[in-house]
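All chains, please: the whole structure from these sequences, using the hints.
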Amino acid sequence: FSSKLQVLTVLTLLGLQFFSLQSYDVDSAVAVIRDGSATMKIDTQHLRDISFRSGSIFQFIGELLIRPNDDAILQARNVDGLDLNLYQQSLIIRRQHEARLLSSRSA
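For the sequence shown, the positions run -23 to -1, 1 to 84 when mature numbering (1 follows the signal peptide of the UniProt record, and there is no 0) is used.
These are computed hints drawn from the structure, not numbers from a lab. Watch out, some of these pointers could steer you wrong.
Distance condition first, Cα-Cα at most 20 Å in a straight line; then the derived SDA-like pairs of lysine to any residue [unchecked claim]:
1. K18 <-> F29
2. K18 <-> Y1
3. K18 <-> V7
4. K18 <-> N55
5. K18 <-> Q(-2)
6. K18 <-> Q52
7. K18 <-> G58
8. K18 <-> I34
9. K18 <-> S(-4)
10. K18 <-> E40
11. K18 <-> S31
12. K18 <-> A49
13. K18 <-> D4
14. K18 <-> R30
15. K18 <-> F35
16. K18 <-> R54
17. K18 <-> D48
18. K18 <-> D47
19. K18 <-> D60
20. K18 <-> L41
21. K18 <-> S(-1)
Cβ pair distances, simulated, as ranges [said to hold, decoys possible]:
22. S(-1) <-> Q73: 34 to 42 Å
23. S31 <-> L78: 17 to 25 Å
24. L59 <-> A84: 15 to 23 Å
Computed from a prediction, not measured in an experiment: that's the story for all the values here. Glycine is no exception: its CB is placed at the ideal position from the N, C-alpha and C atoms.
So, in structure tokens, the structure goes:
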């Protein structure tokens, strides 16, 4: 789980990050991405008209689900038409809010 946490940290803190595709299971629509020694499962069932090749570079946005067995999987979303400037602004606001929450809890 620590490797998945490393990838999650990169996804969360850096916003836009690219990862190499390690594997893809057509039946379950689950891709495994890798960045160094860290890997993460990606549920791609909501993505359409996309072809996956091992070694290709991908970027995913979605909701991270932690399953009861501590298995993490990102439910990827198609974000065609997303206003990237607005998305970046919302990330900044969210990080500021989370930082305030953390500091208020530790005080």
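**Item:** Hint numbers contradicted by this structure
**Value:** 7, 19, 23 and 24
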